[in-house]
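> First to last, the protein sequences are chains A and B.
Mapping of the first sequence onto my numbering: residues 14 to 525, in sequence order.
Mapping of the second sequence onto my numbering: residues 1382 to 1941, in sequence order.
These aren't lab readings, by the way, just hints derived from the structure by calculation.
All the given hints hold, so there is nothing to weed out.
Below 27 Å or equal to it, Euclidean Cα-Cα: the simulated DSS-like pairs (lysine-lysine) are:
| hint | chain 1 | residue 1 | chain 2 | residue 2 |
| --- | --- | --- | --- | --- |
| 1 | B | 1807 | B | 1797 |
| 2 | B | 1714 | A | 226 |
| 3 | B | 1828 | A | 43 |
| 4 | A | 48 | B | 1714 |
| 5 | B | 1678 | B | 1646 |
| 6 | B | 1901 | B | 1855 |
| 7 | B | 1855 | B | 1927 |
| 8 | A | 137 | B | 1535 |
| 9 | B | 1565 | A | 105 |
| 10 | A | 137 | B | 1784 |
| 11 | A | 471 | A | 509 |
| 12 | B | 1749 | B | 1927 |
| 13 | B | 1847 | B | 1937 |
| 14 | B | 1784 | A | 135 |
| 15 | A | 226 | B | 1701 |
| 16 | A | 20 | B | 1714 |
| 17 | A | 226 | B | 1722 |
| 18 | B | 1932 | B | 1859 |
| 19 | A | 158 | B | 1535 |
| 20 | A | 143 | B | 1535 |
| 21 | B | 1937 | B | 1749 |
| 22 | A | 122 | B | 1565 |
| 23 | B | 1851 | B | 1828 |
| 24 | A | 243 | A | 342 |
| 25 | A | 23 | B | 1714 |
| 26 | A | 105 | A | 20 |
| 27 | B | 1863 | B | 1847 |
Chain B side only, calculated, beta carbon under 10 Å to chain A, not exhaustive:
| hint | residue |
| --- | --- |
| 28 | 1423 |
| 29 | 1486 |
| 30 | 1566 |
| 31 | 1824 |
| 32 | 1869 |
| 33 | 1871 |
Glycine residues also receive a C-beta, built at the ideal position from the N, C-alpha and C atoms.
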Amino acid sequence: MITISNKRIKIEVFRYNPELDVRPHYDSFKVPYRKGMTVLDALIYIHENIDPTLVFRYECKVGRCGSCTVLVNEIPALACKTIINREEIRIKPLQGSPIIRDLVVDLSKTYRRFSVLGPLFKAKNLETGKLAPMRVPESLIEASKCIECSLCDNICPVTNQIPAEFVGPMRLLALSQSAHNPLNIIDNLSAMPSYGLHNCMTCQLCTVVCPMKINISDVATKKLRTLVGKKNLLPSEVEDSLAALQAEGNIFGRVVSEKARSIDTVVEMQEKAEIALFFGCVATYIKPEVMQNAMKILSRMGIKFTTLGIKEQCCGYPALLWGAKRIAKELAKRNIEQLQNSGVNRACVVCPGCYKTFKTDYPQLVGQMNIDIVHISELLSELIDERKIVFKREVRLRVTYHDPCELGRNFGIFDPPRKIITTIPGVKLVEMPRSRTFALCCGAGGGVRNANIHLALKIAAERVREAEALGVDAIISACPTCEWNLQTAIRRRHSKLRVLDVTELLAESMNL
Amino acid sequence: LARIADDVINTDALVVGAGIAGCLAAIELDNCNVYTTVVSKGPFAKSGSSVMSTGVMQAALGHIDSQDNPGEHLKDTIISGKYLNDQNLVEVLCHESIPRVSDFEQIGVAFSRTANGRVHQAITGGIRFPRAIQALGDWGGVHIMNTLRKEIMKRGISVLSEVVVTKILTSGNTVNGATALDIKSGAFIVFKTKAIILATGGAGQVYAISGAPVHNTGDGYALAYRAGAELLDMEFVHWHPTLLAYPESRKGTLITGSTRAYGAKFFNVKGERFMVKYAPQYLELASDDIISRAIYKEILEGRGTQHNGVFLDCTYVPQKYRVFFNQTYGMLKETGIDIWKEPIEVTVGCVITLGGLRIACDTSTTLKGLFACGETTGGVHGAGYLGGNSLTDCAVFGCRAGKHAAKFVADTSNLKLNLKQVEVEKERILRFFGRKDWMHPAKIKEKLQMIMWEKVGVERSGNKLKQAIKEIEKIRTKDLPKVGVPDGSRRYNSILVQALELYNLVDVAEMMARSALFRKESRGSHYRVDYPDKNDGKWLMHVVIKNEGNKMKISKIPLS
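Can you build the whole structure from these sequences, using the hints too?
Rendered as C-alpha cells:
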C-alpha cells in the first residue's frame, strides 16, 4: 500500500450529461484525505462541498446492496468498499451499459438478462405452511452470499467477448443456487451448454472483484460441471479427453512410451535425488522443450533431481475442471505413491495447473502429503538469490510477462518469474496494462481450449494484441499451456511475436 | 392531464416501495390477478432497509423447541413493546409468520438448517425460546431481495426502478392516484389507481447516526400524513447503543452487542469506565435502554470522543472468542482500524422507527384505498422493538396488504383525478429549479438531524422538545424555501430527490417531536427526564397524529 503523504488527493471523475453535453469529459477534484477513506466518501465529499451536480448511486455504504458500482482506475469495484490508497484516482462508470448521467448507468439490461435463464426455481409441492426437512449444501450457502452487484460480469473476459454464448459469472451463481437447492424441482442442467458453462475459463478475475470474495469458479463452474457430468451432458470433446485420461493417464491419449523416451534422451536419472521434477501433460507432449530446458538447467547447476519417468500420470487438473473427482483421485493416488517411492521431500512442477492441484486439491482428495511443492519459477528464483546461476550470454530482447492465472491470481506468485526475467543480462521487461492480479487469461484456462477452441483463440488473440501494442519481441510465460495457446494465436495472426517459457529464456542465456 | 404529465400510467394497484413488504404485497396482488405497478425509489432490490437486513426473522416454528408457539411469540413481543402494541396486529404477526416462512421457501429463499434438516432457530435478545431463523447469505436480506426480484420478474409484474412518489392524490377521503418523478429521466408521472400500498420503510435518516440506509427518509409517513391519514406512536424509535461513529465510511454500521457479552468495555474520552456510574452491577451488560442513555449523556455532557462517540474497547475480548467477530473485524480492518489493537468509537443511534401509519388487521389505513405494511406502519412493535420481528412484520403484513388491497380493488371503480392537485404538485417540484442563492438540501438535513439528536434523542424533556419544535418550524419557514437545485437538468438530478426527501424529513421530525412532547411518561424507547416513570393509568394509550387544515392535530386513543 502506498502511504499518502499528501493531505489532499486528486480525484478525476468521468462527467457526462447526455441532455446537455456533446461529449463526456473528466473533472478533477482535490479532496482532503482521511485515514480509511473510501472512494464513496470522496464522491460524497465532492457532491456536498465542491460540485453538487456530480451524480452517482449509493445506498447502504457497507457493501451489501451493490449499487455503488464504478470503475476505479479501470477496475470494476464498489465505491464503498474501495479504500483509497493512492494519491490519484480516476473514477468512471461501469462499461457496457448506457450512461444516464456521470457515473450512473442504466443496468436494467444486465438484470433483465437473468431471464435468458428461464425459470430458476419451483418448489416441490408441499402442504401449505409445512417446511420440509432438508440438508442445506455448502455450495448453496456459498452461492447465496452473492449480492448480484454485477461486478464479476463486468470484468469477465468471456461474457464480454461472446455474451450470447456465456451467461456470465453472476448468472452462473444463480444457476448454482438453483441447482443446489434441495427443494427445487426445476432442472436446468440440460440447458447448461446453451448457457456456456463449458466456456468459463476459471480464470478467477470474477473472484478478484467480488465484494463477497466468492470463489465463483469453484462454487458455480466446477460444481455445475460435476452435476452435468453425472448426467452425461458434457461436450463430446471433453468426454473424449476424460476417457483418454482414464485409459492413458494423460488428456491427449498418447501412449506412455513416447513420454518415457523424451525424458531419457536428455539426462540420466540421478541417484539420491533431492528433488523430483513433475512435468504434466502439456510440457511432456506439446511443449517438450519446456521439460527439456528445465532438466538441462537443473543438471547444469548440479542439482540432483529425479523424475517419475513413464510412471508420471496427469495430475488430475483437467478432471477437476470438469468435476470428475473420482478420476482425479485415482490419478492423485498414483502420483503421490510414485513421489513417495522416489524418496524426495520436495517436488518441482513446471505447470501452474499441476501446482494448484498438488497444493490445494491433493490434500482434499488423498489427505496431507509430506512433500513440499514448488513451481519451477520459485525454484529458479531461489537459485538466483543464492547466485548459483551463471549467465553465459546476453539475450537482447524486449519482453513482456504474461501471468498464468493459477500461478499469479491464485497463488500470488507474481515476482519470482519476473525476477528471473529481469536478472538475465540484456532482457528488458515491460508490463502489459493488465498484469499481475488483473492479468487476462491466455484463453486456454478452464478446459476451454479443449471444449471451445474458437473462444480460446479469440481470448488469446486479445492478449497477443495487448502485448503487440507494447512493441515487444516476445511474451514470456511460466505455463506450458499459456505458451501453447498464445503460440497458436500468434501463428494465426502471422505475428512476429515470440512466446517463450521462462525456462527457455533462461536456458538461452546459459547457453544450453 | 396529458398536458400536465409527461407520462400517465393506469394501474389497478400501486405499490410504493419495493423492499420485502412491497414485493410480497405485489406478489399477492398478482396471485389475485390484480394489475399491479411497483415503484422503487432506489435501484430495484438494491435499496432500502431490506437489503441491509441480516435476514433474521422471528417465527414460532418450534423446530428446535416444540414448546414454542405463536402464543409465546406474542408474549415476548408485547413484553418488549411495553404493552403498547396493538395486540390484534401482534396476534396476526405471530400466527401468520409460520406460513410466511414456507412461502419464502416456496420461491427459493433458503433458511439455515440444523444437521438433521430442521430449520435452525436461535435465542436472541428478548425471547425465551429458540425462535429466530436466519436466511442464507452473509447478509440474509440480500439473498431474500435477490430471490424476490427474480420472482417478480418471472411473473412479469411491472416495476419502475428509481422513481419517487411525491404525492398521494385523493378525492375526499379516498385515494385515487399519485404523482411521481422518474429520477432517471426527470419525467413527471401521474398514476391512476384504485388502491395504493405504502411500503416505504421508516425514517431512520431523521437522526444523524442511523443504521438505516440513506434513502430511508420517511416518505410514506409524509405522503400519508399530507393526504390526511392517521399516524400512530411516532415518538418511538429503536435505539441501538453501539453504532459506529467513526470512521466516516462505516458510520452507522451496527456493532453486535455480543462484543460486550465477551468482555468489551466502554470508556469516555477521559478514560473513565462510565458504566460504573450508571449501572454498577451490570456494567456493559446492562439493558440496551440503560446503556443508550448512559452513552447519550456522556456525549451530550462533553465527555464524548472527537467524533461524537464513546470508546468501545474490544481488546478485552479474549483471543479464543475473537473468531466470532471476524466479519466486524474485517469490515473495520479494511479501513485501517484493528479492533483487537485499539478501541473503536461508537454511539447510540436510531435503527428502526417504530411508529407509523395506523392500520387495521387488514392493513387498511384511515383513508379509503390506502393500505400500508412493514416499517411504514405503527402499532406492531409498541414502545420497544423485539429484534427479528421487523422482517416478520414485513412478510406477514406485506402479504396481507396484497390480499386485502386485491379485494378492495375488485369492488372499486376508478375515480376521476383532481387536476388541480396534480398541477399544484408539479409546480411544487419545478419550483426547486432556478432558485437564486439556493441551499444544498444536505446541509439543512444535517442541521435537522442535529436538532433531532440533541432534543428528540435518547433522553427527552418538555423544554428540549418545545425547543426542537420551534427550531423545526424555523427550518420549515426559513430554510426550506431556499432549498434549490444547482442545474437545470432534470436528468438524474440527485439534489432534486434530496430536496423532496428533506420536505418529508421535516414533516416526520415534527410529528416525532410533537408526539414525544404529548406523551407525558417514559415507556420503552421514549424516555422523558421530566416524567421518568411509566404511567399506565393515563398513558397506556396510542398517540395519534393527523393533518387537519395544515396543522398537526394530536390526540390519544385507547388500545384496541
